[in-house]
Amino acid sequence: MQAEPNKRRTVATLVTLIVVAIIVAFWLEYFKNTDVAETKPSGSKLSADAPKWRLSPLGPAPDWSQIDIYQQTITRAMFLEDLTRYFTVSQEWMQYIDVQDDHALILKQSRVAGDYYRLNFAAAAEEKSIQRDWRSGTELRAFADQSDEKPLASLHIAIDPGHIGGQWAQMEERWFKIGDGLPVTEGDMTLRVANMIKPRLEALGAQVTLVRESTEPLTTDRPETLVDVAKQTNPMLTGVFRTTKAAESLFYRTSEIRARAKMVNEKIRPDVVLCLHFNAVAWGDPALPTLVDENHLHILLNGAYTDEEIGYDDQRFEMLRKILQRTIHEEAALGAVMADVFAAQTGLPPYPYEPNSTRARQVANHPYLYARNLLANRIYNCPVIFFEPYVMNSHEVYQRVQAGDYQGMPVVAGKPRKSIYREYADAVVDGLLEYYRKP
Numbered sequence: 001m002q003a004e005p006n007k008r009r010t011v012a013t014l015v016t017l018i019v020v021a022i023i024v025a026f027w028l029e030y031f032k033n034t035d036v037a038e039t040k041p042s043g044s045k046l047s048a049d050a051p052k053w054r055l056s057p058l059g060p061a062p063d064w065s066q067i068d069i070y071q072q073t074i075t076r077a078m079f080l081e082d083l084t085r086y087f088t089v090s091q092e093w094m095q096y097i098d099v100q101d102d103h104a105l106i107l108k109q110s111r112v113a114g115d116y117y118r119l120n121f122a123a124a125a126e127e128k129s130i131q132r133d134w135r136s137g138t139e140l141r142a143f144a145d146q147s148d149e150k151p152l153a154s155l156h157i158a159i160d161p162g163h164i165g166g167q168w169a170q171m172e173e174r175w176f177k178i179g180d181g182l183p184v185t186e187g188d189m190t191l192r193v194a195n196m197i198k199p200r201l202e203a204l205g206a207q208v209t210l211v212r213e214s215t216e217p218l219t220t221d222r223p224e225t226l227v228d229v230a231k232q233t234n235p236m237l238t239g240v241f242r243t244t245k246a247a248e249s250l251f252y253r254t255s256e257i258r259a260r261a262k263m264v265n266e267k268i269r270p271d272v273v274l275c276l277h278f279n280a281v282a283w284g285d286p287a288l289p290t291l292v293d294e295n296h297l298h299i300l301l302n303g304a305y306t307d308e309e310i311g312y313d314d315q316r317f318e319m320l321r322k323i324l325q326r327t328i329h330e331e332a333a334l335g336a337v338m339a340d341v342f343a344a345q346t347g348l349p350p351y352p353y354e355p356n357s358t359r360a361r362q363v364a365n366h367p368y369l370y371a372r373n374l375l376a377n378r379i380y381n382c383p384v385i386f387f388e389p390y391v392m393n394s395h396e397v398y399q400r401v402q403a404g405d406y407q408g409m410p411v412v413a414g415k416p417r418k419s420i421y422r423e424y425a426d427a428v429v430d431g432l433l434e435y436y437r438k439p
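Going by the numbering used here, the sequence shown opens with residue 1, and the numbers climb by one from there.
A few of these clues could be false.
[Claimed, not checked] Within a straight-line C-alpha distance of at most 27 Å, the following computed DSSO-like cross-link-like pairs (lysine-lysine) qualify:
1) Lys267 to Lys245
2) Lys108 to Lys262
3) Lys52 to Lys231
4) Lys150 to Lys418
5) Lys231 to Lys108
6) Lys150 to Lys267
7) Lys52 to Lys262
8) Lys438 to Lys177
9) Lys108 to Lys52
10) Lys415 to Lys438
11) Lys418 to Lys198
12) Lys262 to Lys231
13) Lys438 to Lys198
14) Lys108 to Lys128
15) Lys267 to Lys198
16) Lys150 to Lys108
17) Lys198 to Lys108
18) Lys418 to Lys177
19) Lys245 to Lys177
20) Lys150 to Lys415
No lab work stands behind these hints, which were simulated from the structure alone.
Bear in mind the structure is a predicted one, so any value in this text is a computation, not a measurement.
Using the sequences plus the hints, can you model the full thing?
See the structure below:
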């Protein structure tokens, strides 16, 4: 009497196991053919109809012909020195770049085996001149028509006030407010500093362009237009809330920066971009934020591409262009001067990066100077100095923000101080003067 029920249970168990096996096989194949499970792109992991490029969100496919003008402009020794000292954090680059005696082969498409760009090295002392839109401090000091009244004549500066601010500040998560106090809004604060710096630099002879002049975005995208892109970027997104947050992030963190880069690269074409930011640490609920005691400063240059980042075809291309333009050398020279002046005038200690960080590299053993791969300092085709002073949700900075802008040196947060906005602007102007002024 028990044989028939046992048989039915056996059949049911077999059916269940088969269904589970099919589901597991499906998901294994799914993960194998998406970037979600990848730590490093590999053509062997991808289905035949997968896109041939592995690109960052909203990133364009590289035009490798743009590198042709840099043929024989860099020696093998200098290429390797910059690649390993500033731009990479491990030997993962060897998966994509094959350095030979007289040339390097750079993988163009992670998903197309054997598709390499050949970069020919210059022989020692036979480097060709570099074609680029920007001029170094050395070039400007040597040839610019400077005077005591106009020590920054011929210098073209773009100032990029970080974030957007205004009605977008809460979406950007760069906003908090305590009780009836003034809201702390990074996008508004950086624009205020930029508007203080601009006329002062112009009075010194510089041409100055603000990348944004208001608390409105440059991009024509909006979160609602980026929902489909968000889903394509991360196929594992589920739920309206997570999808909306991902689309918002693409709007203010990616599309907006790419719109600014288009303006910088195609219209402004400056000698240097100053990206103004205020730093912060996690503050939790923006309506009940956590204030901390720490306060610090650091300046970022482009470099330190992580193992994952170098696997993206567009980022690898952009890294190569930075190396060939020698951007890091100008950024390091200017950045060191700016950091010294900033530290002296603010008294801020350096930000304590971990000694063996896999996302940052200290530059020139300078305590305030680090290389990191950020979208803005990567896709602006000129030297970029990315300022990260002050911790907005520190007790001290919060009190200074509440005090607003003012003249003189009243006692604020326990001692006589300039307004935080004027202190920031003074440090930037004085640092630029020290670096670019003829000796």
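To see whether the hints hold, each was checked on the structure:
1. Distance check on the hinted pair: Lys267 and Lys245 sit about 31 Å apart at the alpha-carbon level, beyond 27 Å; violated.
2. With a C-alpha separation of about 23 Å, the suggested pair Lys108 and Lys262 falls inside the 27 Å cut-off, and the hint holds.
3. Restraint check for Lys52 and Lys231: satisfied, since their Cα atoms lie roughly 19 Å apart, inside the 27 Å limit.
4. The straight-line distance between the Cα atoms of Lys150 and Lys418 is roughly 26 Å, inside the 27 Å bound, and the hint therefore holds.
5. Between Lys231 and Lys108 the CA atoms are separated by roughly 26 Å; this keeps the pair inside 27 Å, and the hint holds.
6. Taken as a hint, the Lys150 and Lys267 pair is honoured in the structure, with Cα atoms around 25 Å apart against an allowance of 27 Å.
7. A hinted pair counts as satisfied when its Cα atoms are at most 27 Å apart, and Lys52 with Lys262 qualifies at roughly 25 Å.
8. Of the supplied pair hints, the one linking Lys438 and Lys177 is violated, its CA atoms being roughly 45 Å apart against a limit of 27 Å.
9. A hinted pair counts as satisfied when its Cα atoms are at most 27 Å apart, and Lys108 with Lys52 qualifies at roughly 10 Å.
10. Restraint check for Lys415 and Lys438: not satisfied, since their Cα atoms lie roughly 36 Å apart, outside the 27 Å limit.
11. Between Lys418 and Lys198 the CA atoms are separated by roughly 19 Å; this keeps the pair inside 27 Å, and the hint holds.
12. Distance check on the hinted pair: Lys262 and Lys231 sit about 25 Å apart at the alpha-carbon level, within 27 Å; holds.
13. For a cut-off of 27 Å, the pair hint linking Lys438 to Lys198 stands: about 21 Å separates their Cα positions.
14. A threshold of 27 Å between alpha carbons decides the hint, and for Lys108 with Lys128 the separation of about 24 Å falls inside it, so the pair holds.
15. For the given pair, Lys267 sits about 18 Å from Lys198 by alpha-carbon distance, which is consistent with the 27 Å threshold.
16. For the suggested pair Lys150 and Lys108, the alpha carbons sit about 46 Å apart, so the restraint of at most 27 Å is broken.
17. The hinted pair formed by Lys198 and Lys108 fails the criterion: a straight-line CA distance of about 40 Å is larger than 27 Å.
18. Distance restraint check for Lys418 and Lys177: the Cα-Cα separation of roughly 23 Å lies within the 27 Å cut-off, and the hinted pair is therefore satisfied.
19. Taken as a hint, the Lys245 and Lys177 pair is honoured in the structure, with Cα atoms around 21 Å apart against an allowance of 27 Å.
20. As the CA atoms of Lys150 and Lys415 are separated by approximately 35 Å, the hinted pair breaks the 27 Å bound.
The structure fails to meet hints 1, 8, 10, 16, 17, 20 from the earlier list, while all remaining hints are met.
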